[in-house]
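Protein chains: 2
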Amino acid sequence: MNVVKTIEAVRTMRWQNPSATWGLVPTMGYLHEGHISLVRQARAENDFVAATIYVNPTQFAPTEDLSSYPRDLTRDLALLEEAGADLVFTPNDALMYPHGFQSYVTVDEVTAVLEGASRPTHFRGVTTIVAKLFNIVQPTRAYFGQKDFQQTVVIRRMIADLNINLQMIVCPTVREADGLALSSRNTYLTPPQREAATVLSRALKHGLTLLNAGERSGDVLHQEMTAIITAESLAQLDYLSVAHPHTLAELAQVEDMALLSMAVFVGKTRLIDNMPWPSLTAVYGEA
Amino acid sequence: MNVVKTIEAVRTMRWQNPSATWGLVPTMGYLHEGHISLVRQARAENDFVAATIYVNPTQFAPTEDLSSYPRDLTRDLALLEEAGADLVFTPNDALMYPHGFQSYVTVDEVTAVLEGASRPTHFRGVTTIVAKLFNIVQPTRAYFGQKDFQQTVVIRRMIADLNINLQMIVCPTVREADGLALSSRNTYLTPPQREAATVLSRALKHGLTLLNAGERSGDVLHQEMTAIITAESLAQLDYLSVAHPHTLAELAQVEDMALLSMAVFVGKTRLIDNMPWPSLTAVYGEA
Chain D
1 MNVVKTIEAV
11 RTMRWQNPSA
21 TWGLVPTMGY
31 LHEGHISLVR
41 QARAENDFVA
51 ATIYVNPTQF
61 APTEDLSSYP
71 RDLTRDLALL
81 EEAGADLVFT
91 PNDALMYPHG
101 FQSYVTVDEV
111 TAVLEGASRP
121 THFRGVTTIV
131 AKLFNIVQPT
141 RAYFGQKDFQ
151 QTVVIRRMIA
161 DLNINLQMIV
171 CPTVREADGL
181 ALSSRNTYLT
191 PPQREAATVL
201 SRALKHGLTL
211 LNAGERSGDV
221 LHQEMTAIIT
231 AESLAQLDYL
241 SVAHPHTLAE
251 LAQVEDMALL
261 SMAVFVGKTR
271 LIDNMPWPSL
281 TAVYGEA
Chain F
288 MNVVKTIEAV
298 RTMRWQNPSA
308 TWGLVPTMGY
318 LHEGHISLVR
328 QARAENDFVA
338 ATIYVNPTQF
348 APTEDLSSYP
358 RDLTRDLALL
368 EEAGADLVFT
378 PNDALMYPHG
388 FQSYVTVDEV
398 TAVLEGASRP
408 THFRGVTTIV
418 AKLFNIVQPT
428 RAYFGQKDFQ
438 QTVVIRRMIA
448 DLNINLQMIV
458 CPTVREADGL
468 ALSSRNTYLT
478 PPQREAATVL
488 SRALKHGLTL
498 LNAGERSGDV
508 LHQEMTAIIT
518 AESLAQLDYL
528 SVAHPHTLAE
538 LAQVEDMALL
548 SMAVFVGKTR
558 LIDNMPWPSL
568 TAVYGEA
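Keeping their order, the protein sequence lines are chains D and F. Just so it is clear: in the first sequence, position 207 is 207 by my numbering, and no numbers are missing. Just so it is clear: in the second sequence, position 71 is 358 by my numbering, and no numbers are missing.
Among the hints, erroneous ones may be present.
Stated by the list, open to error - Sample of chain F residues at the chain D side, in silico, Cβ under 7 Å: (1) 306; (2) 389; (3) 391; (4) 393; (5) 394; (6) 400; (7) 418; (8) 419; (9) 444; (10) 445; (11) 448.
Read the hints as simulated data drawn from the structure, not as lab findings. We treat Cβ as the ideally placed atom computed from N, Cα and C, and that holds for glycine.
Please model the complete structure; the sequences and the hints are all you need to start from.
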């Protein structure tokens, strides 16, 4: 496995055989089984696998946890090697955002809601760094986790609108045995908070149960899921959404598909989770 | 020469031999010798040459000449074939901006001045369509005319900032015998306006003469060039600039290089022109 810090080194390896297929897994490091599941799928579907580790400053607001975001490069590299990555790109800020940097990729409507509503510059940072990494690696396929569902909608929109020549693959959220979605930020939780954090997946599962039983009212789904969050004293609801999984527009009435999603503060830690209905495949098969 | 209207047809031809080099010449059609000089240089430097003909609506303001912009596809295709193009992509609006389109590439500082000051959404349209065409063709090299100098600065910035994997080539402005820079919009000029339109190149040449004689004051250069425009009764100055050719920041004092540029109304037709000092090569050699 090659670990490189320059764009030239990435391109040299990428273009040794122009006909080879490459899978890309962009990450901010502090890898967990969710990331590794992306690397494994990329490994199975491509000749070569590139991963990137870069905590991207432009997707953090000044008030957010950029400086305290957890990092462990040694462990990350061991995990990536074990999962079969061929190339790991670990750039620094001076390389990614040199003096005079002033170009951005923006996606308008699907970034205005949910995560974007409370994090107004977040997605511009995400789309810009992802576009840069796509242009640096020029992969055949790029792998993203369902956990950041809105991010997958935004990036899918960017790829379609800007005619980026690759296939995007969204892999299912990996969860702990008790349902908590894996996240690098889970490390911030105290033991009682960790226990309370199961409230997100419990509320979402309840929403799916209602949908499977025939409930179609956005209001009822909202109320029932909100009640579960409210009952957890360590949790504070940020937003809860019943939306169309392609446009992210809120649904008064669910028709053929829905995305249940939420952000919840557990102590100072903001956790997000989502469940698409009827399934991830149903939702993204036609996207 | 293949003339195609779909992205799939472009990509099929582009990737028949992944090792081949491709030159791209993006145009809005109604080709003149300036465009053809780009095709010829692309022909000389690459295995294959692609040209695109697309009048991009997002770079026109509602008040501008989108609907009346001159078009002559039959003549354009004959000129491109004669100049040695292998592939011409002629998409329509539904393909380039389908329903739901919402992603843009923006470049901030260098778009705020000169053309961008009077055309606030123009460069967002340019960078977005050029990024799309780059992603569709994935050329080895892309060719642009010096005539739209600010456009070359903006696209160069976009390529660097977003790590787009191609080489940008800027070719010198092609001029009529009397100095008028070739432009598709010259066709709008009446015979007396056509004669008056030489005022742009006359003023710019005078600026170069002053610089070559040792003048370094931005104010003096401004005044001397403005006097030449003012003396021409059919011409109305829009802006005149003595700027650094990389940042486009106005210069009180010229040091090692400068870009003299202007926009002038001749009747209702808005013409632009520029001359870099000491030379195009000197200015872009280190950009």
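To see whether the hints hold, each was checked on the structure:
| no. | hint | verdict |
| --- | --- | --- |
| 1 | 306 | 6 Å, holds |
| 2 | 389 | 4 Å, holds |
| 3 | 391 | 5 Å, holds |
| 4 | 393 | 5 Å, holds |
| 5 | 394 | 5 Å, holds |
| 6 | 400 | 13 Å, violated |
| 7 | 418 | 6 Å, holds |
| 8 | 419 | 5 Å, holds |
| 9 | 444 | 6 Å, holds |
| 10 | 445 | 5 Å, holds |
| 11 | 448 | 3 Å, holds |
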